[in-house]
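Kindly produce the complete structure, drawing on both the sequences and the hints.
Residue numbers (my numbering), protein chains in the order written: chain A, 184 to 636; chain B, -4 to 221.
One side of the interface only, derived from the structure: several residues of chain A facing chain B at Cβ under 7 Å:
| no. | residue |
| --- | --- |
| 1 | H456 |
| 2 | L459 |
| 3 | A466 |
| 4 | N470 |
| 5 | F502 |
| 6 | P505 |
| 7 | L506 |
| 8 | D509 |
| 9 | S527 |
| 10 | R531 |
| 11 | D538 |
Residues from chain B that keep clear of chain A, each with C-beta distances beyond 12 Å, as calculated:
| no. | residue |
| --- | --- |
| 12 | E17 |
| 13 | A18 |
| 14 | A60 |
| 15 | G63 |
| 16 | L111 |
| 17 | S122 |
| 18 | N203 |
| 19 | E218 |
Derived from the structure by calculation, the hints contain no laboratory data.
Yeah, the Cβ is synthetic: ideal placement off N, Cα and C, and Gly gets one too.
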Amino acid sequence: MPRLSLNSRLALLFAACTAVVSLIAGVLFSRASETHFIELDQQLLDGKLVALRSALQGADDPVLFAQRKARLQEEMSHQTDLSLRVRGADGHVWFDSTANLPDDLPTLTGLSSLHSAGTAYRVFNAPLEPGRTDGAQLTLALDITHHQHFLQRMQHLIWLTVGLSALATALLGAWAARSGLRPLRRMSDVAAGVCASSLTQRLPHTQMPAELAELAQAFNAMLGRLDDSFQRLSAFSADIAHELRTPLSNLLTHTQVTLTRPRDLEDYREALHSNLEELQWMAQLVNDMLYLAKADHGLLMPRREPLQLAQEADALLEFYAPLAEDAQVRLTRQGEATISGDRSMLRRALSNLLDNALRFTPPQGEVQVQIVDGAQGLHLSIANTGDGIPPALLPRLFDRFYRADPARREGSSEHAGLGLAITQSIIRAHGGTIRCESTQGWTRFVIELPKGD
Amino acid sequence: MKLLIVEDQPKTGHYLRQGLTEAGFNVELVADGTTGQQLALSGEYGLLILDVMLPGRDGWQILQAVRGAGLDVPVLFLTARDAVQDRVHGLELGADDYLVKPFAFSELLARVRSLLRRGSTAPQETSLQLADLRLDLIRRRVERNGQRLDLTAKEFALLEMLLRRQGEVLPKSLIASQVWDMNFDSDTNVIEVAIRRLRLKIDDDFPNKLIHTVRGMGYVLEERPA
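In structure tokens, the structure reads:
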């Protein structure tokens, strides 16, 4: 089933509300008129009863009654819609004013209704002598067919009103909803027009109704984030081209120069070696970029195995120990925690940080790995002594190809500036965050990871 | 040992054949999947190197046919796509190893040798030796020219690996993976430093050097004529 549009939903809702309200009103009105008719009938029948009782006073046995029968007949013949039945105390019918009175008229004292042979009656039973229930009984039957017709007509009218008003409100509701939702359509027009080159377009949220202003703001914020990521991506592609340009140009020039004239074997070997270095650097760059692309597409799916973080950190510290000894840097680790995560991914993430820390720590310095098992999650920090990083540069550290040290620009055979971006992708794939703090003398990368299962 | 390479890229195939032939293997190269499968099913190869994307039948299908025929020849996949599901798919079908392009030839060679060695159960050695360098696996001692050398545990593990695979060029990534269990591309120079420290202990005081750097490829332990 196709989903109903908001417009049709509102219209139907309005129509249903009106139908229910008018139905309730109609039912109440028809009840009230019925009650009113009953009251009217009661008054009429009470009046007749008084007249009949006075006319039949003392005619309490069949003989006396028979004497008055003719007069009673004459009296009743003026009353077209009223019939009378008189019964003796033994239940025998003494008198019927009309021939076609139904046999099964109710005999209970008081007012009741009866439908018989297409005619509706209001039947009123009362004793001939007030208060004497063992004497003759009068049964007055008032033909109320026309009342019933009136009530039926009214019911038809009610249904008609319900139907028509529901239809009318549905149409009105549809129109109202349509005009009420116009700002939404404006939003969808803007959304439909958004493409890479128009990411700077924004919705005028000040002109929006209050309910939609929030949505418009959220939409604008989304556009802002998209714009930001898109800028980064564009910059990323430009950076890739830029990064590849230097090694490619080295390869081209070196190969061409080598081939311009015959050379010694050793020269060729040297040229190939030099090319190999450039190519390895490019291969590493391409692999790193593919890794990041995978992370961007949510394809970096860490395995979840229980890991002792202290053990992992120690393994990494052991790996880096020769490098640290050479650089005369002290490597230490404190604290421990368990986490469920991907061993080789986390090792890669931490190794980038350690590598980085070691590179920027001056001799006699220190690199500290600290693991804190908190209630909310765990903190892992890798801190190194050194000059620190200016606060303005901190947010850009995790950008691709960003190098805090401008001297280490492109072409440096060691680092393409993707290490921290890769570390961040891995931590994010584990549901964590990473940030960098730099205070006097210490630069600290802080990783926060959610607790494992 | 006969190897079969099924690779449709002419340049890649050509260089793989040349490299592996020069490393002492008997190599057959075919460029399409259908012929590749026929040859693979003949059962006369010690190792299959399959590209995933091939004309005719792709690498997965060849692997399925080979395993379906009950052959347990080791299979190494080469792929340009590093998608997790590809990797899982290959391993489920019974691939033994995979390499993602671009890869280094030294890495390929090292993996090929590992796969071929896997089948044969090497006799339990108690010591490894090259020239006057001796490594006692039981007492965990290293001697050169009768002189005892003092190595750390990791240096010992590194030397043991070099000795077990003497004559093979070992790429840095393989060393990091085997000795330190660091299984990721790393551009760190930890391995260089570790090798330098090992050299300091086993080579520096002796005229005949055993650890050699193969520029751009890795390290090799062998005796070279002076």
